[in-house]
Each structure stands twice: as structure tokens, then as C-alpha cells.
Amino acid sequence: MSEYALLLPILIPLIGVVLLLLGARSLAVQRAGGVLFSSLTFAASLYLLFAVDQADYLVMQMGAWEAPFGISLVADRFSAVMVAVSSFMGAAVGIYALSEIDEARLKKFFFPLYLVLIFGVNGAFLTGDLFNLYVWFEVMLIASFVLMSMGGEKGELEGGLKYVCLNLLSSVMFLAGAGIIYGKTGTLNMADIGQQLMLAENADWALSSSMLLLVSFGLKAGMFPFFFWLPASYHTPPSAVSAVFAGLLTKVGVYALFRSYTLIFMPLFPEVQNILLWLAILTMVTGVLGAASHFDMRRILSFHIVSQIGYMVLGLAFMTPLALAAAIFYLVHHIIVKTNLFLVSGVVIRMKGSCDLAKVGGLCNSAPWLAALFFIPAFSLGGIPPLSGFWAKFALVKSGVEIHAWWAVTFALLVGVLTLYSMTKIWAEAFWKKQPEDVDTTPAKPVGPLVFMVAPIVVLSISTVVIGFFGEPLFEFSERAAAQLLDPQSYISAVLPQPAEVSP
Amino acid sequence: MPVSLLISLLFIFGAALVAPSLCRLFKDKGGCLLSLAPFAAFGLLLSQSGAIAAGESIRYHIEWFSSLGCAFSLRLDGLALLMGLLVTGIGGLIVLYASGYMHGHPRLGRFYLYLLSFMGAMLGLVLSDNLIVLFVFWELTSITSYLLIGFNHEEKISRWKALMALLTTGLGAMAMLAGFLIIGQVSGSYELSEINGMGDLLQGSPFYTAMVLLVLGGAFTKSAQVPFHFWLPNAMAAPTPVSAYLHSATMVKAGVFLLARLNPSLGGMPLWENTLAIFGSVTLLLAVVLGLFQKDLKAILAYTTLGVLGLLTMLLGIGTEYAIKAMVGFLLGHALYKAALFMVAGSVDHETGTRDVTLLRGLRRLMPITAMAGGLAALSMSGLPPFFGFIGKELIYKAGVKLGGLELYFLVAAFVGNFLMMALALKAGIGPFFGKENNDALPKKPHEAPVTMWIGPVLLGVIGLVLGLLPFLVTDSIVAPAIGSILGGAIPEIKLALWHGFNLPLLLSVFTVAGGFGLFMLRGKFWAVADPVRAAIRPWGAEAMYERIFNGTIWLSKAQTRCLQTGRLHDYVFMIVAVTVGFLIWAIVNYGGLQFEMDWAQFDPIKVGLVLIMIVATIVAVTASAYMTVLVALGTVGFGVALIFVYYGAPDLAITQLLVETLTVVLFMFVILRLPPLKSMSSMATKIRDAILASTFGGLMTLLVLKAVNIQFDHAISEKLAAMSYPEAKGKNVVNVILVDFRALDTLGEIVVVAAAALGIAALVATGFKKKKGAAS
Amino acid sequence: MGIAFAVSSIFLLAALFLAMRRILAGPSAFDRVVALDLIGGVCLCLIVMFAIYFGQGVLLDSAFAIALVSFLGTVAFARYLGRKERS
Amino acid sequence: MKYFILGHAGRILFPALIILSLIVLYRGHNLPGGGFIGGLMAATAYILVGLGSTMQAAKAKLRVDPVTLLAVGLAIAIISGLPGMLGGDPFLTGEWLPTFYLPLLGAVHLGTPLIFDVGVYLVVIGFTLHTTFFLSELAESDTEEGTD
Amino acid sequence: MSIVVAVLMILGSFFAFVAALGVNRMPDFYMRMHAATKAGAFGAALMLSAAALHFGSLRAVITALAIIVFFYLTTPVAAQTIAEAAYRKGEKLWPKSGRDQLAEDEATQSTKLR
Amino acid sequence: MEPLIALLIGVLFAAGIYSLLRRSIVKLVIGVVLISQGANLLVFTSGGLLAGRPALVEAGATVLEAPFGDPLPQAMVLTAIVIGFGLTAFLLALVCRAHEAVGDDDINAFDNTDT
Amino acid sequence: MMRILAFLEFILFYVKEIFVSNIRVAYDVLTPTHQMTPAIIALDVSTYTDSQISMMANFITMTPGTLGLTVSEDHNKLYIHAMYLDDSPEVVAEQLLNDYGKRVKRVL
Ligand code: NA
Ligand code: NA
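Residue numbers (my numbering), protein chains in the order written: chain A, 369 to 872; chain B, 3 to 779; chain C, 2 to 88; chain D, 2 to 149; chain E, 973 to 1086; chain F, 798 to 912; chain G, 15 to 122.
Any given hint could be a false lead.
The calculated DSSO-like cross-link candidates involving lysine-lysine, where the alpha carbons are at most 30 Å apart (straight line), are [said to hold, decoys possible]: (1) E:1064 <-> D:60; (2) B:681 <-> A:802; (3) D:62 <-> A:475; (4) A:802 <-> B:560; (5) B:31 <-> B:447; (6) E:1064 <-> B:681; (7) B:158 <-> A:802.
A short list of chain E residues far from chain G (calculated; beta carbon distances all over 12 Å) [what the hints assert, rightly or not]: (8) 975; (9) 1013; (10) 1025; (11) 1038.
In short, the hints are calculated from the structure, not lab data. Backbone N, C-alpha and C fix where the C-beta goes; we use that ideal spot for every residue, glycine too.
Please construct the entire structure, taking both the sequences and the accompanying hints into account.
Below you can see the structure in the form of C-alpha cells.
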């Protein structure tokens, strides 16, 4: 019965969508439903996490059609932890949105669309089917397109248009890649594809389709040289939206890359390892350099998403148990921290009417509590121990040292310093510097009480600290998850009723 | 008792956490209360000294991120005890001092939070027995000192200097972390007590050079060795209690401490010794020479700190037992007098409103106690007997005269460094109090500092004197164990005394005193040229280099943004597609080849004709400049695709395609007046470039399709689906059965997509379009 | 029968080319719309021909779809092309 | 700006297209058709009405808010997946009533996949019409109201 | 039977061809409409009759008939709608055309077009 | 297999990419429409093409007689077409709205959020 | 009953007209010269119901040489485009109303 745990993180938000669409008129219903269903999803995701940790793999065949004929929902530890963390963000940002999302957006069905986004993200993490993954990506994309542009403001639309176009390009490449893979293997089940490629005497043909998927997922993940849409758009919508995008969306791309090269294209990994490695390095470097000259809090943070994605992909490129564990740990850490930073930026906007560092200042004295709440995620992102980011970076660099990947280690460390620079820039400008006098800082009329915005930030900050001090269980979990990733055969055995024996 | 190590740490961090509330409750008295925590820690550590002196070490260990090879282990040995006592003892006095110095400051609580966190981090650093834990505390000292240096953060210069310290030490720390990781990988452990026994293993490793250089990167930046020395004088931006603490007992000593810690495992090789000695000596000489040209009381002291750090590093590099003895002695002496001198300088600044030594003189009458403290400290620093400073200097010369050959250079360096340092000491500790009173030129009317502000310096000055007279108080209990830790062996027998008879070291001391006093008398000459000299050196200095690198990075960032993040979708698409094309070509050429089968029989006229028409329509759709032409062309393509679907037996698809295509056109028609006229904006060259790229991409897709269907796979799944369709899923239209049963989840996702799209379109339209040109209003 | 398919194919293909020519030549938007409408009709004929050729009656359903959409499309074009523009 | 003949044709074709769409929906499991195609056809019927007069008229003819259609359609699709779960089967498992025979229709299989298709049908109608109504507002605000 | 089917098919495609040719050869838009509307629908109807005969099944006959009826109901509507739209937008008549009573009425009686 | 269809797919992709590379924002919609057509055809083709054999069980029969056109890619394409429809419609509305909000139809003028 | 008979007669007439119409179109299209005298003429449909007007317009459109254009606002006039205006417009209009109008009125 624990298989139903797979279903809940998808079904709950979807039911929420339906009920909120039916309760369209009442804003109170919209608000209450948004929080209720995102919280329920979070609860369900925790259940899933525990169930998966017990059972190693949970598999459910949709429609009772056995794999590879029907669609499989599969959760290994990696999926489960991704679902759990993203649902956590979903719930936190849902509460935050109560006080940030204005009436106009609520009337345009903000919360149903928000739940669609969660639905899509969780679906993408849980599916075991390549084409179904495409569908989840599209669900996620359309929800994000709408959430990004629904305000109809100039910036949102400017950024949104690029976001939409490039992501559609990515979808097309995904579809093309998936089509070719189907053409060659006759199957869409990821475990089945993986098995066929392992059994094939020569799987070279799959390299070109794997390149299409690499570009597609890389684009969604915001990797170099595909990230352009991200800094152009992520800073434009309300912070609740930016935050959940920043935390979740690119991570789905990263997740898909991991799934691709640890399961679907496992045998091709050696061919692409160097590509992944250098793309990861360039992603780290270009992302962090992009941030260095920016002067708007959310723009800086957007570039750092790119840079941090590089670290995670680096873990994949190293492909050792420690590296993968580090990357998974990194994902969890980064989702929490980056979401939190965007949430903080929203509070800054609420207080000062802007998060342009040239216009904002003096927060350290006027809102010391906010300073503390910014300090924790910011310096965690900067890798300051003993916050979560330190351990993430440490584990990753350690894995790099172990395989003597000196260039990667060098850049990872240098980028760490520049990350710290960016965080101190925000700190120094927004919090330390005096409030510039000649700028208008009349904040917009607040939508709801500040406490709804602060409470999630507090919770996420506490999580960051707790992971920093007591993160060992999480890291051990990541190690177990990484071990699963490195053992595709057991994934295949869990999914397919009659897996072929593959000699490693 | 091992847990006492943890408790001493908790005292201080606990005090840090309660500091803000305590200061709110008790105002300035809060500082006095808070000073109890470091003193308690001091007592706790001191209570362990017996065991340490007996050659034991105390180790506390709990699991912490053990899967990363880390553990929270603390260890108290001789070196840790010495440093720990300095950190907590001087720390306590500083806390006390700050309560007077920061009297009435609105952010006193926050100041104590930072200061005590810093103290805790420093104590943790010296107590760690695990490289990673050490690194954790190391970074904590960086970040807390960042907060402290930038404490007066309304001023831009403070923020800039705080950042400078953070980035410089942070960069070093990254190198150090890499070094630690390599050490850990080679030795298989991060536990210092284990690593210290593996000197041979590490030194025999091919990565030895890398690990030494990387670790030195951390130590040199932290301890401000040339060429990373520039941040330290700039750290003066911090409130004076912080400077006093940072410079005497803590932060800057961390680097030297690290070198001493790793000396047993990494030391002894020429690379280690030469690098340390040379960089140390250069730092020493540079610091003292630059110090001569300083007019700011704190800056003078800062340069002497730099000098001392150089000297200590140099001694460590020389590495003989004498040198280590000298180093430990000097380290202890320096901590005592430097803290005192900074506090005195702070008091003078506090009471007179200036730190300009050209203005300050004759204060001894108005500030007698402070003057006394300053005098004691300055004399100790000058290395005059009977102060402890003298013992330290004698040890240095003793170590120096044992050297021979080229190494005598180090003796010369030590000598020059010492007498210049004496001159600086007199400038800072004696100059302001003697000579003719100059009170009218001072911004404030000076009077004696409050008791909290003089108790610390006086105490430290007195201790310097007492230890000079009675060195045995610390010889066996503290100094010798520390030397033992650094040398990595048993605790040596040592004897500290003021008088060793007439010998070369004594002669050198005499010359030092004479030279130092002479220079002190000439101080006005240096000040006269100070500004032009500093201005002349600056462009070639390390600080200018730092600024250049900093600005260069920002420039690089801007250049990169200009190149990559151009804001033009065209560039983005071009880049993405070009890279995809590159990847595909690479994949196809290297893996799989270009061969595919071509069945010419497939080219029957009607298909050729149809495809030809579709290609023409496609080209028209892309190139036409009138909407109707484009839409009609798109419609034609849509009809064509539908025909293909029909031809290949997909009626469902064909119908859907037709309906969708037409509805798309209908939707287009709704907004057509809202859309701008289609015009060509790119230059011909751009168009050609784009066309080439697009065609290459298209060609590759063609090739992939040809190759994809080259090998016929077995249709096992489709066949099974077709076989199950009617008997098991009760449907004869297999495609529909797939959609609503076999793969219903896809369909569920898909209807969510269209539902969301509908909401999105409504949301966009509902944002309030203006009425268009047709509208008469 | 084979000849019939061949002749039909040629006629229909020629019709498509001619319609395409009108699309290219215009001159007015209405001409293009009419040409598209005609392409719809010709495609309907082609679909019916395919249905006969393959002996698949179900393909006729697609012919209905063409009839429906080519009507809808033309009407939509007409409806919005006919709007008067005032300045 | 009304087109006399078009308006008239819209009114006549409307019921025919709706009935046709229902037929297409029902037989989709066995012949070309199904929820999508049926839904698009039904939407086409409303759009034709709208083109013949105004979209307001089509909206009035629809009576329900398209958003409600979206919600109800999604709800039906979800609910159709649930019965199997009561029996311990996974989500979206097809559950069928016993086959029975009706004059004209022959063997009738009724099951949850058909209900699912009904959900699809409603969502597609909802989507197409919601989109059409909103986008056509742009078109109509340009002309009708604007020119008077 | 198959001869009839073949003839109907050829005729059907022939009229489709005629429609396309007419669309290219006729001198003004309205006359092109004449050709396209009449011949296009007729060609399709013939084709569909061929199919109905070929398959012979009730389903096929009903389908073909339904499509023919639908086609003949919708084609004139579409044709008139587009012709009216074209006229309103001022699509020119062939210069050799005779009277234009619509224009006359519009001018004299101010018959307003909606 | 079908070299002609492969060629057509290539042309559709090329034209779509070329359109996406244009500066007029409306061309983006056109590009997306074309490129989606290309991708749909590609998926359709990938199953291997078989003329005139729909995957429909004959009246009276219970199993589908081989050979038949692969139904799985057909279902995928159908899904992709509908998704593409939704996205294209949204993109159209977005382009329209963005054109009005930014007041320009040159995508190069949409650079305020980047730099 | 009469209606049904009328309807059948109408269908037959319609089919005949369609055949004639298409042969004429084919002839015109295929022969080299254009021998038409097109014009736009008005039919007086003031006595017809809306349905009858609509039906007649469709009818006229699908039969030889005529194409419905529009209906006046007051529904009194149906304007058609005629390809072969051999007589004066009034005569042609009369003819058309006689041929088609009667039948339409009988059916509806
Ligand atoms: Na992200
Ligand atoms: Na970063």
C-alpha cells in the first residue's frame, strides 16, 4: 500500500487545483486552499520520503499496466528527497504568498497555478517514463510561464518572453531526443531504455539523442551556455514566484540530467564526462562573474543560481559515490537557501519598495532581525561554515580532490570566494550602508501581515543552520541515494518485471 | 577533563548569544558581566595546565559529519594551552576595556555578539584537533572579523576595508581547504594528532609541494605575510578594542599558529623552511620600514604587528630548537605588550579625539595611569630589561648567532627589524606621553580614562614586567609545552632568564636599543616626508594590486555580461543552437558515423510534390511580410502535415492536427490588429548567418531521422499494446486507448497544461489592454 | 484503377501547385484566403483518394475534419479581414 | 459588423456540431475521435456562433464559465482514476461495467476510461472557449465598441 | 463498379483542378471566388461519391453523404462571408464589369453596411 | 524509410530556428509553430512509417492484424500537438501583451531585464 | 407532405443546377478568353423571411454564374455578384427570384 505514497504528492496539488478553480470567487478560499494543499503535499512528501527510505524503491504502474507498457511512477531516494524538499519549499512559499500576492493576481488564479507548478515539479521527479517526463516538464513550464507573466508588468513580460521562447526551444529538443530514442529502442520506460543501452553491443547511436537531451535539460537547469533566459527573467515576478522558481525549476533540469546519465545513458557517460565537467566549470564561473557587476539583489541572486547549478553538475561529472552524494546534498541545501534568499528580497522590497542596492540601505539598523535572517542563507550560499553550504561545497571539493580533478577544484574554490563577495555586496549595501536619502523608498501597500512572510524565512533559516550543525543524517541519506544512482541495475530490477541480467 | 574544552567554548559562544539581551538589560555593565565568560574559560584552561606540563594532552571528541571524515575533536596541548590562555585572558581584558571604550554605544550588544563570537571562533581554532573543525573555526574568525572591522558600517571606507580583509583571507582559506583535503587524502585522516605522526608519509607524497603551498596560502593571508600584508593595516577601521584583540592575541596569530601546528608534519623540508623564513623576513623588514612613515597611532602599531608576524614566521622557518624557543617566547611577549599598547592607543584616541602622533605629546600629566601602562608596554616591546620582551629578543639573537653562511641574513634581518621596531614602540608608547604638552591642539580636552579602560593595559604591562623578572612562572608550565608541541617531540628542558652573561646576543641587544632610541629621536624627519613617500610607494604596493585585481574582476564581469547576457534573444538562440549543432556534429562524426540507408523507391511523384509544396509554404511562412500570407502558408503546412498523418494511417492525429492548426489561425486572427506589422529588422549578413546555422541544424535533424529509422527495432511494446487494446482495455482505437488508458497519465498532464494555458491567457488579457487605434475615444 | 489513381494524383497535385501559386501571387489577402480554402478542398480530395487507395473507410473521418476546419478558417479570416480600419 | 448569412449558418450548424462532437466523443474508443477531437469540435460550434454574431452571444449560449468547465473536466478525469484504487489497483486503472447490448449501438462497454475521456472533452472545450473569449475581446474592443 | 469509382475519382480531381485553374486564371477576385466555390465543392462531392461507392458499407455511405451535405451547407456561407468582407475592404471589381448596384445603393440611399 | 519526410522535418526545424532568430516578436510565434510541427513529425516518423494501416481493430475482430502503423508515437504526437496548441496560444497572448507593454516589436528592445 | 415533395423537387433542381454550373465554370476556366460581363445586382427580398433569404443566398452562390455578396441592413435586398449579365440587372434579378425564390418559399 505504501505505493500510494507515490501518488499523493501529485494528486493532492491537482485536487487543490480543481477545488480552487471551483471556489474561484472567494479570495479567502484561494488563500486558504493554496496554503492547505501545498502543506498537505509537503506532509505527503515526507511520508513518501520515509516510505522510500524503508523500501529502497517504490514503483507504481499507472493503470495497472505493467512496465514497460504503461507509465511507471518510480521513487528512489534521490527522487524522494527532491520531492520532499521541493514540497517543503512549496508549503513555505505558499504561506509567504499570503502576504505578497495581491488581489489582482489571486483573481487570476495565482494559487491554482501555483499548485499546478508543484504538481508538475513533483511529477517530473517521480515519473519513470521519458515521454511522461516531457509532459511534466510542460506542466511545469506553462505554470511557470503564467506565474511569471500574470502581473502583466513590463519587466515581467520582457523577461517572460525570452523565458518562454528558450524553454520552448528546450522542450522541442527534448521531444526530438525522446522521439529518436523511441525510434531506436521502441520503449519509453527509462529503466527499459537504460537496460537496452546496457545490453546493446554498440550504443553509440544514442549519443546524439543524449546530446539533444543534454542541451534541453541543460537549458532548463540554467547551465552554460544555455542559461541566458534565467538572469533575464527570474528577478521580474513577485518574490514568492521568483523564490519558488529559483528553488525548484532549474533543479528539475539538474534532476533530469542526473537521471539521464545515471540511468538512461549510463553506458554513454564516459563519452560525455568531459563535456559535463567543462560545462559545469564554465557554468560556475560565468554565473558568478555575471553576478559580480550587478547591483540588484534579485539579479545577483539569479546569476548565482546559474553558478550554483555548476557545482551540482560538477558532482555528476565526477560520478563518484561521494561526488553524487555531495551533489544531492548540494541540491537540498541550495533549494532551501536560494528560495530563502529570494523570500528575503521580497521582504526588502516590502520595506523599501525596491531591492536595487543603489536605493536600499540601513536595514541592519532598522531591521536587525532581517539582517540575521539574510545573513544565514547568504553566508551559507557563500560556503561559510558551519552552515549547510559549507558542507555541500566541502564534500564536493573533497570528491574532486579524490579524483584529482584539479581544475574543477580550483574553480569551485575560486567561485566560492566570488560568491562570498556577492553576498557581502548585498550585505554591505542593503544592510550596512546608510539609507540613501535622495531616493523614494515608499513601499507598496502591503497585502497581508508581515508575519506570513517572515515565518517561512525563519523556518528555512533554521533548516539551514540545522543542516549545518546536524547534517550528518542528511549526508548519509545522500550517500545512500548516491549509491542507488550508481546502481542502475537495481533500479531496473525494481521497475521491470523481468529485467535482463546485465553484466556490469 | 576533556569536556572542559567544550565547556570553555560554550562559555564564550553562550556569552555571545546572550550579549544583546544582556546589554539591553544592564547597559554598559553588561560588558563587565560578559567578561566573566572569557575569564572563566581562562580559568578552566589554566586548571588543565598541570596535566599539559606533565606532557599529557587532553582530547575531546564527538562524531560530526563522520561520513565526510570529519569529527568534532578538540585537543589541549602545550601550543593550544598557550594560545588558549592568550585568547581568553587578553579577550577578557578586552571585553572589559570595550565596556568603557564603547560606553553608551547604541549597538553595544551587537558589538559584544560579534566580539565574543570571534573570541569563541579563535578559541575553537586553537583547540581543534581536526583540520576540518579547524577550518570551520578559521572561517568563523574571518566572518566575525569581517563584521567587526566593518562595525562602523555607515562609512564606506569601513565596509571596503572589511571586505578587503574578508576576501584576502577568504581566498587564502580556499587554498588552505584544498591543502587540507590533500593532506587528508594522503594521510587518510583529518585528525591533527594523527597527521602529526605522519610527517614522513606526507613529505614523501608527490603532492607534498601542493599541500605546503596551499596551506601556506591560508596561513600567509591570515597572518598578513608579504604580499598579503596590506589588509592588516586597513583592518584598523575596526573599533580599537577589536584592533587590540585582533593584533595581539588572535586573528593574525591564527596563521602563525597553523604553521606551528603543522610544523611537525610538514616542517623540516627545505621548501617549508625556506619559504617561511624568506617570506617572514621580507615581511618583517618591509613592515618596520613602512611603519617609520606612519603618523597614525594605530597604524604604527599595526605595522609593528606585521613585523612581528614576519619575525615569528621567519623563526618558524629557521626551525631550530632555539628558533622555536625564541618564537614562543616572542609570541607570548608580543601578545602581552601589543594588546596593552593598542588599548592605550585606544584610550588616548578616546580621550583626545585624535590618533595623530604629530599632535600627541605630554599627556602623562593628564593621563598618568594610561601613560604608565603605555610606558611599561613600550619598554617591554623595545626589548629592554627587565621586561619579558627582552627575554624574547635575547632568544632571537641566540637563535640567530647559531646560524652560519647565507643564513646569517636572517640574523641581520632580525637585528634590523628589532631596532626599527623599538623605534616604533617608543613612538607609540612613549611619544604621546612625554615632551611638551600640546593640549590646545587636541580635538578634545583629555583626562584620565575610566578604570575599565586602564585596568587591562596596566595589568598586561605589569605581567610583562613580572614575567621578565620571574620567567620561571611560565617556563615549564606554558612555554616549554608549547615548544614541545611545535617541535613535535617531548617537552624540552628550557631555561628563561634575563641575564645570560656578556655575549654576542647581549651586544646585539645593546646596539638594538641604541639604534632604536636614535631612530625614535629622528621620528620627526620621517613624518615630514611620510605623505609623499607613502604616495610614491602606493601604486606598486600590494594594496594597489588588490584593487587592480578587484576592479579587474568587476571589469571582467561587465565584459562577460556584455558578451553573453546581451539582452538580445537572437544571440541567445544563436548560441544555444550553435552549441547544439556542435555537440550533434561531434556525436555523429565520432560515434555512429554518417552512413544511413536511402531507399530511392520512396520518391514517388505525389509525395515529392506534396513535400515540395510544404517546403515552399514553410519558406513563405518564414519570409513573407504580410500576416495573411504567413497565416495562409502556415495553414498550408498544417494541411500538409495532416495529409502525411492520414497517409501513414493516423486519422486521429490528422483530425487533431487540422482542428488545432485552424484554431491557432483563428486565435491569430483575433489579435492580428494588435500585432505590429511584420518587418525585417536584421541585416542581410545576419540573415545569411542565421540561415546557415538554421539549415545546419535542420540538416542534422534530417540526418538523425534518417539514422534513427535506419535500424528497425522490434515493435514489442506497440504490438503488445495493440494486442491488449480490445481484449483488456475494451477499445478498438489503439491510439485512443493509449491516451485514456495505457498512458492516461500523459493525458492528465496534458489537460492540466491546456487548463493552465487558458488561465494564463485570460490573466494576460485581463491585465487591461488599451483600446487600439480603431477605437475612437 | 491504377490509372485512375495516377490521373487523380496528377490533377490534385497540379491543383495544389496552382493554389500555392495564388498564395504566392496574391495580390490581396482575400485571394490567399480563397487559395487556402481551395487547398483545404484539394486536401479533402486527396484524403478521400488515400482512403480508397488503402481501402480504409475510417480515413473519411479526417475528410470531415477538413471540411469543418476549412470552413471555420475561411470564415474567421473573412470575419476579421473585413473589419474596417478607421484612422 | 454582422454577417447575415454567417450568423444564420452558425445557428443552424450549432446543434449539429454539438451532437456530432458527442458522437465523436463516444465512439473515440473504437474509431477515430475521442475527448480531444470531440472537445475541439464542440468548441468550434461555439466559435462559429461567435463569429456569426458576437462572442458575447457564444458566451451566453455556453451559460457556464469556461473555468468551471476546466475544473469539472479535471475533476472528472481525476475521479475516473479513483475507483480502481478502492480495489487496491493503481491510479487510473480502467474499471468496466459488464458489457451490454443496445439497439443501434451494439455491444456497449462502459468504463472509467470513457469517463476520463469525458473529462478531457470538457477541459478541451473549457480551454478553447476561455482562450477564444478572452482573445476575441481584444479583437472586438478594436472594432465594434470602438467604432461607435 | 470500379470503373464508376475510377471515373468519379478522375472527375472529382479534375474539378478540383478546374477550381485551382480558375483561381489562377480569372481576372478579378469575385470571379476567382466563383470558380473556387463551385468547382471545389463539386470536385469534393464527386470524390466522396466515389468513396461511398467503393466502400459500399452503410457507414461509408452515411459518412460520405454527411460530408457532402456539410460541404454544400458551409461552402456558400464561407464564400459569401469572404466575398462580403472583400467587398467591404474595397476589393476592386474587374474593370470590364458592369453596374455595381451595391455601390450605387450605398451612395444614393446611404444603405449602410453594418 | 521516408527520406522525404526526413527532409521535410529538417526544413521545418531550420525554418523554425530561423524564425526564432528574427527580431520581430511575432516571428517567434511562427518559429515555435513550425519547430513544433517539425518535432511532432519527427516523433511520428521515429516509430517507422507504414502507409495506410491505422491502428484500429477492424469491426468484428478483437485483435489488430499486423502490420499497422505504430500507435505509440501517434499517441505521443497527439499529446504533443495539444500541449503545443496550449503553449502557442499562450505565447501569442504573451507576444501581444508584451508588444503593448513594451511598446516595441523588436525583441532587441526587450533588454531591460538583462543588463 | 407538400413540403417534403417540394424539398425533393428542390434537391433535384439544385443538383441539376450544380451540374450545369460546374460545366459552365469548367468551360470558362479552360477556354482561353474571358467572355463575361460581371456586375453586382440587387434582388428585392423584402417579402422573404430571414431563413429564406439565407437559404436563397446559399442556393444562388452554388449555382451558375452567381455569388451572394451581402444583405442590406433592413433585410430587403440581397446583393449578388453575377458573372454573366446578359440583360439589364432588373431582368436578371427577376429571373433569379422566379427560379429560386419560388422554390425556397415552397420549402421553408
Ligand atoms: Na533555480
Ligand atoms: Na556561486
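*Regarding the assertion that residue 1038 of chain E does not contact chain G, is the least Cβ-Cβ distance greater than 12 Å?*
holds (15 Å)
*asked:* Run the distance test for residue 158 of chain B versus residue 802 of chain A: straight-line Cα separation, threshold 30 Å.
replied: At roughly 9 Å apart (the allowed maximum being 30 Å), residue 802 of chain A and residue 158 of chain B satisfy the hint.
_Checking one constraint from the list: CA of residue 1064 of chain E to CA of residue 681 of chain B, max 30 Å. Satisfied?_
Given that 30 Å is the threshold and the Cα spacing comes to 26 Å, the pair holds.
*Regarding the pair residue 681 of chain B and residue 802 of chain A, is the alpha-carbon distance no greater than 30 Å?*
violated (49 Å)
*For the pair supplied as a hint, residue 31 of chain B and residue 447 of chain B, confirm whether the alpha-carbon distance does not exceed 30 Å.*
holds (26 Å)
*Hinted pair residue 1064 of chain E and residue 60 of chain D, Cα distance within 30 Å*: Measuring from Cα to Cα gives roughly 36 Å; hence the hint is violated.
*Grab the minimum beta-carbon distance between residue 1013 of chain E and chain G and tell me whether it stays above 12 Å.*
violated (7 Å)
*Hey, residue 62 of chain D versus residue 475 of chain A, does the alpha-carbon distance stay inside 30 Å?*
Holds, because 24 Å separates the two Cα atoms, which is no more than 30 Å.
*Taking the shortest Cβ-to-Cβ distance between residue 1025 of chain E and chain G, state whether it exceeds 12 Å.*
Given that every Cβ of chain G is farther than 12 Å from that of residue 1025 of chain E, nearest at about 17 Å, it holds.
*Keeping to a limit of 30 Å between CA atoms, is the pair of residue 802 of chain A and residue 560 of chain B held or broken?*
holds (26 Å)
*Does residue 975 of chain E really sit off the interface, with its C-beta more than 12 Å from all C-beta atoms of chain G?*
Fine: 20 Å to the nearest Cβ keeps residue 975 of chain E off the interface.
Taken one by one, the earlier hints fail for this structure at numbers 1, 2 and 9, listed in ascending order.
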